[in-house]
Amino acid sequence: NAGVMQNPRHLVRRRGQEARLRCSPMKGHSHVYWYRQLPEEGLKFMVYLQKENIIDESGMPKERFSAEFPKEGPSILRIQQVVRGDSAAYFCASSRTGKQDQPQHFGDGTRLSIL
Amino acid sequence: AQSVTQLGSHVSVSEGALVLLRCNYSSSVPPYLFWYVQYPNQGLQLLLKYTSAATLVKGINGFEAEFKKSETSFHLTKPSAHMSDAAEYFCASNTGNQFYFGTGTSLTVIP
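Heads up: the protein sequence lines correspond to chains F and B, in order.
Counting with our numbering, you get residues -10 to 104 for the letters of the first sequence.
Counting with our numbering, you get residues 1169 to 1279 for the letters of the second sequence.
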């Protein structure tokens, strides 16, 4: 499967724990985007990364959330000290060049549930 | 500010009937526009994209969309609905680093 791979598909955490969401982009893609989707809503942009660099994090909450895309390995979205309001589906997308006319290819998401 | 608006959060059509899902954009410059489909518990799948080459864009599964600058619209259509078209549809625009998604339209196909 050469598509965008996200894991885990489902993640359950208790309040105060940490959540780590992983995303491996499509082969040949070096641009990664993270989105959050709440029920009955569209996707909200969180952060855009290129290998080892954060390009745009204007959609990231100021506290508890961080993202990285290391030289080797998947991109990680990390949520510290999770709260009930963090429950959502988190989607990763990748593109080859990051140019505006390039579509983004999406993974199947990680559904985060906070108890 | 850039955004897209999808009119109608829920649309129902009979099998075989015309599908029309509406999307209007607001942007100070012509954006790149996309339609995606999302099936339950899955990610978004690209249906088609507009990148200024042609105003009528054909996509997968028989869908097409027409870019109308005068109406700032990019409505998605399909001549004949199929049961398998039941899903959530998202319009998106991009004039910079990030995609802006509409709130989605849930399509129900009635047999």
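Hints are not guaranteed to be accurate.
[Said to hold, decoys possible] Covered stretches of chain F (chain B as the covering partner; in silico rule of three or more C-beta atoms under 8 Å from a C-beta of chain B):
| no. | stretch |
| --- | --- |
| 1 | 27 to 33 |
| 2 | 36 to 48 |
| 3 | 53 to 64 |
[To be verified] As a list, the in silico BS3-like pairs of lysine-lysine whose alpha-carbon atoms are at most 27 Å apart:
| no. | chain 1 | residue 1 | chain 2 | residue 2 |
| --- | --- | --- | --- | --- |
| 4 | F | K16 | F | K51 |
| 5 | F | K16 | F | K88 |
| 6 | B | K1236 | F | K88 |
| 7 | B | K1226 | B | K1237 |
| 8 | B | K1217 | F | K40 |
| 9 | B | K1236 | B | K1217 |
| 10 | B | K1217 | B | K1237 |
| 11 | B | K1237 | F | K33 |
| 12 | F | K51 | F | K33 |
| 13 | F | K88 | F | K33 |
| 14 | F | K16 | F | K33 |
| 15 | F | K16 | F | K40 |
| 16 | F | K60 | F | K16 |
| 17 | F | K40 | B | K1236 |
| 18 | F | K40 | F | K51 |
| 19 | F | K88 | F | K60 |
| 20 | F | K33 | B | K1217 |
| 21 | F | K60 | F | K40 |
| 22 | B | K1236 | B | K1226 |
| 23 | F | K33 | B | K1236 |
| 24 | F | K88 | B | K1237 |
| 25 | F | K60 | F | K33 |
| 26 | B | K1236 | F | K16 |
| 27 | B | K1226 | F | K88 |
Honestly, the hints are just simulated from the structure, not real lab data.
All C-beta atoms in this analysis are idealised placements derived from N, C-alpha and C, irrespective of residue type, glycine included.
So, going through the hints one by one against the coordinates:
1. 27 to 33: holds (count 5)
2. 36 to 48: holds (count 5)
3. 53 to 64: violated (count 0)
4. F:K16 <-> F:K51: Outside the cut-off at roughly 31 Å; violated.
5. F:K16 <-> F:K88: Answer holds: K16 (chain F) to K88 (chain F) is near 17 Å, not above 27 Å.
6. B:K1236 <-> F:K88: With a Cα-Cα distance of about 23 Å, the restraint between K1236 (chain B) and K88 (chain F) holds, given a limit of 27 Å.
7. B:K1226 <-> B:K1237: Measuring from Cα to Cα gives roughly 18 Å; hence the hint holds.
8. B:K1217 <-> F:K40: holds, 26 Å
9. B:K1236 <-> B:K1217: holds, 14 Å
10. B:K1217 <-> B:K1237: holds, 15 Å
11. B:K1237 <-> F:K33: holds, 25 Å
12. F:K51 <-> F:K33: Measuring from Cα to Cα gives roughly 15 Å; hence the hint holds.
13. F:K88 <-> F:K33: holds, 19 Å
14. F:K16 <-> F:K33: Answer holds: K16 (chain F) to K33 (chain F) is near 25 Å, not above 27 Å.
15. F:K16 <-> F:K40: holds, 13 Å
16. F:K60 <-> F:K16: holds, 14 Å
17. F:K40 <-> B:K1236: With a Cα-Cα distance of about 37 Å, the restraint between K40 (chain F) and K1236 (chain B) is violated, given a limit of 27 Å.
18. F:K40 <-> F:K51: holds, 22 Å
19. F:K88 <-> F:K60: holds, 21 Å
20. F:K33 <-> B:K1217: With Cα atoms ~19 Å apart, K33 (chain F) and K1217 (chain B) stay inside 27 Å; holds.
21. F:K60 <-> F:K40: holds, 6 Å
22. B:K1236 <-> B:K1226: Given pair K1236 (chain B), K1226 (chain B) holds - Cα atoms ~15 Å apart, limit 27 Å.
23. F:K33 <-> B:K1236: holds, 25 Å
24. F:K88 <-> B:K1237: holds, 22 Å
25. F:K60 <-> F:K33: holds, 26 Å
26. B:K1236 <-> F:K16: violated, 35 Å
27. B:K1226 <-> F:K88: holds, 21 Å
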